[in-house]
Amino acid sequence: METTRRGMLKTVATAAGAAMTHELAHAQNQSHEHSHQAVPSDPALRVKSLESLLVEKGLVDPAALDALVDAFEHKLGPRNGARVIARAWVDPAYKKRLLADATAAIAEFGFNSEHGGRVVAVENTSKVHNLIVCTLCSCYPWQVLGLPPVWYKSAPYRLRSVIDPRGVLREFGLELPEDVEVRVWDSTAEVRYIVLPERPPGTDNLEEQELTSLVTRDAMVGVTKVRLSQSGSAA
Amino acid sequence: MNGVHDMGGMQDMGPIQYEKNEPVFHARWEARMRALVQAMSAWRQLNIDASRYHREMIPPVKYLRDSYYENWYAGLVALLVKVGLVTNAEIESGVPAANSPKATPALSPAEALPMVTRGIVGSRDVRVTPHFKVGQRVRARNINPAGHTRLPRYARGKLGMIERDHGVFVFPDTNAEYLGERPQHVYSVRFAARELWGEQAAPRDTVYLDLWDDYLEPA
Numbered sequence: 001m002e003t004t005r006r007g008m009l010k011t012v013a014t015a016a017g018a019a020m021t022h023e024l025a026h027a028q029n030q031s032h033e034h035s036h037q038a039v040p041s042d043p044a045l046r047v048k049s050l051e052s053l054l055v056e057k058g059l060v061d062p063a064a065l066d067a068l069v070d071a072f073e074h075k076l077g078p079r080n081g082a083r084v085i086a087r088a089w090v091d092p093a094y095k096k097r098l099l100a101d102a103t104a105a106i107a108e109f110g111f112n113s114e115h116g117g118r119v120v121a122v123e124n125t126s127k128v129h130n131l132i133v134c135t136l137c138s139c140y141p142w143q144v145l146g147l148p149p150v151w152y153k154s155a156p157y158r159l160r161s162v163i164d165p166r167g168v169l170r171e172f173g174l175e176l177p178e179d180v181e182v183r184v185w186d187s188t189a190e191v192r193y194i195v196l197p198e199r200p201p202g203t204d205n206l207e208e209q210e211l212t213s214l215v216t217r218d219a220m221v222g223v224t225k226v227r228l229s230q231s232g233s234a235a
Numbered sequence: 236m237n238g239v240h241d242m243g244g245m246q247d248m249g250p251i252q253y254e255k256n257e258p259v260f261h262a263r264w265e266a267r268m269r270a271l272v273q274a275m276s277a278w279r280q281l282n283i284d285a286s287r288y289h290r291e292m293i294p295p296v297k298y299l300r301d302s303y304y305e306n307w308y309a310g311l312v313a314l315l316v317k318v319g320l321v322t323n324a325e326i327e328s329g330v331p332a333a334n335s336p337k338a339t340p341a342l343s344p345a346e347a348l349p350m351v352t353r354g355i356v357g358s359r360d361v362r363v364t365p366h367f368k369v370g371q372r373v374r375a376r377n378i379n380p381a382g383h384t385r386l387p388r389y390a391r392g393k394l395g396m397i398e399r400d401h402g403v404f405v406f407p408d409t410n411a412e413y414l415g416e417r418p419q420h421v422y423s424v425r426f427a428a429r430e431l432w433g434e435q436a437a438p439r440d441t442v443y444l445d446l447w448d449d450y451l452e453p454a
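In the order they appear, the protein sequences are chains C and S. Sequential numbering from 1 applies to the first sequence in this note's numbering. Sequential numbering from 236 applies to the second sequence in this note's numbering.
Don't take every hint at face value.
Sample of chain C residues at the chain S side, in silico, Cβ under 8 Å [as the list claims (entries may be wrong)]:
#1 59
#2 67
#3 75
#4 174
#5 175
Derived lysine-lysine pairs resembling DSS-like cross-links, with alpha carbons at most 30 Å apart [claimed, not checked]:
#6 S/317 to C/127
#7 C/48 to C/127
#8 C/96 to C/225
#9 S/368 to S/337
#10 S/368 to C/95
#11 S/297 to C/127
#12 C/48 to S/337
#13 C/127 to C/96
#14 S/255 to C/225
#15 C/48 to S/317
#16 C/75 to S/255
#17 C/48 to C/75
#18 C/96 to S/337
#19 S/317 to S/297
#20 C/48 to S/297
#21 S/297 to S/255
#22 S/255 to C/48
#23 C/48 to C/225
Footprint (simulated), chain S over chain C, 3 or more residues, beta carbon under 8 Å [unchecked claim]:
#24 85–98
#25 140–153
Everything labelled a hint here was simulated from the structure, so no lab data went into it. C-beta: ideal position from N, C-alpha, C; glycine also.
The following block holds chain C by itself, in its conformation from the complex:
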């Protein structure tokens, strides 16, 4: 097969195939023998071997891997999303743009490309609570939240969020009244969702930057609310 690069990098592989939590999987691996594999059983060695093979074949530039890891660890992350949310809280015109076309509204910050992957923002109110999940794999809005945490990719979250969202929210410490409509968004296509949480009461005097520090990753996934007392754990 011909080996050529895609001209426009139109499609980017990502997220998928998640399962157990890291801890559990790790514990179970300790008692498991990878006797069927000729390659090393230690994932660190296997990945190292794969990387060096792909580099030698000219398929991968190790400096590009360094740049990708740097992007995942330092350029992407929930601080980006927090800035979007805080802006929407203080600027009604921006909020309107965000809810109408989140892809373009987020591009105003330079966190994504206006012609990039589709993002949709869904708004929490006193009567509606939104929750984001990807039951089939681990689709997640990296543009604003970075890579997903292990719990988001884990089986317990993926399977129960759609059948028992209120039970899931209870595990996160959030008990919702019966008259609140819970909307679960299962990310089955190339559309990524971010929750616009409610601005917490008592924050009228806060500046946009202070509001940014209140917004957490978990609130933007919809498993918690933003609270005045919590310091930003989204970093």
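Go by the hints and put chain S onto chain C.
Chain S in isolation, oriented as in the chain C frame:
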């Protein structure tokens, strides 16, 4: 494929394990693995749907047992072998075969950040007639394809309502098997939680799925 990855609506896999102040990666090899998948996705022979499909074909016991990035390793290797970019012998030896051509050019460091901030673009700028309108009642088809699909089992046969037309996107079921992109409309479809789960669900709750024209029929 009615595989174990299609787990929406299952029960009894324990509580959610939450880690406070979780790092982006738990080990260097996870970071390298994540980056490898990203960098390799720049090659024309790979596509996101095929990547997902090859993770879904991981044997179910392994899929549930192994960690996320171990499964990414398995999925990437399977796909690379399938499309002919590497051979099993090369994976086992860790060195290129003697007659292996040198590919060029690989993704450059300068392309890395734009690639991830762009996200995954599944939309296509082509004119395709939508089969459904916003507000229309639809039924998710009762289909059980043996290959890749993004129509979860829990929604099949269920009644919903078209909430929004997202526009035209690549169809995963064919793209995953290199049978063409077959671009078509994707809609946000609203399902009442009670339609999906019966009386045990809260009366007002809803679940939204993004579904392609080929997954839907008029109701």
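We went through each hint and held it up to the structure:
no.	hint	result
1	59	5 Å, holds
2	67	4 Å, holds
3	75	6 Å, holds
4	174	13 Å, violated
5	175	13 Å, violated
6	S/317 to C/127	49 Å, violated
7	C/48 to C/127	50 Å, violated
8	C/96 to C/225	21 Å, holds
9	S/368 to S/337	50 Å, violated
10	S/368 to C/95	26 Å, holds
11	S/297 to C/127	42 Å, violated
12	C/48 to S/337	19 Å, holds
13	C/127 to C/96	19 Å, holds
14	S/255 to C/225	17 Å, holds
15	C/48 to S/317	21 Å, holds
16	C/75 to S/255	21 Å, holds
17	C/48 to C/75	24 Å, holds
18	C/96 to S/337	51 Å, violated
19	S/317 to S/297	20 Å, holds
20	C/48 to S/297	21 Å, holds
21	S/297 to S/255	27 Å, holds
22	S/255 to C/48	29 Å, holds
23	C/48 to C/225	41 Å, violated
24	85–98	violated (count 0)
25	140–153	holds (count 9)
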